[in-house]
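Participant: Sequence:
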Amino acid sequence: HSMEIGAMRGMAKHSPWLATSMMFAWMASLGLPLLAGFVAELMMFLALWHFIAAEGWSVLWMVGPALVLALTAAYYLWSMQRTIFEGGDETQPPESLKGQPVPDIGDAEKLAMVIMAAFTILFGVMPWIALDMMNGWTVAFFETLLIPILTGGA
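Using the working numbering, count along the sequence shown one by one with no gaps and you end on 1160.
The hints are simulated quantities; they were obtained by calculation from the structure and are not laboratory data. All values reported here derive from a predicted model rather than from experimental measurement. All residues carry an ideal CB built from backbone N, CA and C; glycine is no exception. Treat the hints with care, as some may be off.
[To be verified] Between beta-carbon pairs, the in silico distance windows are:
1) M1068 / F1125: 27 to 33 Å
2) I1058 / F1091: 36 to 42 Å
3) L1077 / V1131: 23 to 29 Å
4) M1050 / Y1081: 15 to 21 Å
[Claimed, not checked] Straight-line C-alpha distance at most 25 Å; calculated SDA-like pairs for lysine to any residue:
5) K1116 / E1092
6) K1019 / A1118
7) K1019 / A1123
8) K1019 / G1112
9) K1116 / M1033
10) K1116 / G1043
11) K1116 / S1085
12) K1116 / R1088
13) K1116 / I1127
14) K1116 / A1136
15) K1019 / D1110
16) K1019 / Y1081
17) K1116 / T1126
18) K1116 / S1021
19) K1116 / A1031
20) K1116 / Y1082
21) K1019 / M1119
22) K1116 / S1027
23) K1116 / F1030
24) K1116 / I1011
25) K1116 / F1044
26) K1116 / V1131
27) K1019 / M1029
28) K1019 / S1035
29) K1116 / M1028
30) K1019 / M1122
31) K1116 / F1129
32) K1116 / L1024
33) K1019 / V1120
34) K1019 / W1084
35) K1116 / W1023
36) K1019 / A1114
37) K1019 / D1113
38) K1116 / Q1087
39) K1116 / F1091
40) K1019 / K1116
Make the full structure from the sequences, and use the hints.
Facilitator: Take a look at the structure:
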């Protein structure tokens, strides 16, 4: 195994389930619409927008986070292309395996990936399910701990 992106080239040819799972996780993390990551990024940008408007700051403060999002998307797509699709001889395992047979994920792992993907889609399409579960705790956290610390109160 390797932490080097280039050493894992051609994963889709050898481990299609693992490659599909990785692609789905990357896209969810990137914030693809209808996935849970999109809801998180949208809420972050809306909160920043409301804060900027309330403080009377320039909208240009939105440029930094937007650039970070664009750079992250570019890096994700670059790394996906290199690890999953680029190169990789079907008769040769990736360099990272050092000649060992190429494994794909097992049935239990496939089931876990399908369940995680289903919840990622569910929370992306119907985010209120997760948000309603977290609302009470979040309000209590802000009121009892975070706001007093930030305002200097007890």
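Participant: Take the hints in turn and mark each one as holding or not.
Facilitator: Against the structure, the hints:
no. : hint                      : verdict
1   : M1068 / F1125: 27 to 33 Å : 30 Å, holds
2   : I1058 / F1091: 36 to 42 Å : 39 Å, holds
3   : L1077 / V1131: 23 to 29 Å : 27 Å, holds
4   : M1050 / Y1081: 15 to 21 Å : 18 Å, holds
5   : K1116 / E1092             : 24 Å, holds
6   : K1019 / A1118             : 22 Å, holds
7   : K1019 / A1123             : 21 Å, holds
8   : K1019 / G1112             : 16 Å, holds
9   : K1116 / M1033             : 18 Å, holds
10  : K1116 / G1043             : 21 Å, holds
11  : K1116 / S1085             : 23 Å, holds
12  : K1116 / R1088             : 23 Å, holds
13  : K1116 / I1127             : 16 Å, holds
14  : K1116 / A1136             : 24 Å, holds
15  : K1019 / D1110             : 10 Å, holds
16  : K1019 / Y1081             : 22 Å, holds
17  : K1116 / T1126             : 15 Å, holds
18  : K1116 / S1021             : 12 Å, holds
19  : K1116 / A1031             : 14 Å, holds
20  : K1116 / Y1082             : 23 Å, holds
21  : K1019 / M1119             : 19 Å, holds
22  : K1116 / S1027             : 9 Å, holds
23  : K1116 / F1030             : 13 Å, holds
24  : K1116 / I1011             : 23 Å, holds
25  : K1116 / F1044             : 24 Å, holds
26  : K1116 / V1131             : 22 Å, holds
27  : K1019 / M1029             : 14 Å, holds
28  : K1019 / S1035             : 23 Å, holds
29  : K1116 / M1028             : 12 Å, holds
30  : K1019 / M1122             : 23 Å, holds
31  : K1116 / F1129             : 20 Å, holds
32  : K1116 / L1024             : 9 Å, holds
33  : K1019 / V1120             : 20 Å, holds
34  : K1019 / W1084             : 18 Å, holds
35  : K1116 / W1023             : 7 Å, holds
36  : K1019 / A1114             : 21 Å, holds
37  : K1019 / D1113             : 18 Å, holds
38  : K1116 / Q1087             : 22 Å, holds
39  : K1116 / F1091             : 20 Å, holds
40  : K1019 / K1116             : 17 Å, holds
When the structure is compared with the earlier hints, no violation turns up for any of them.
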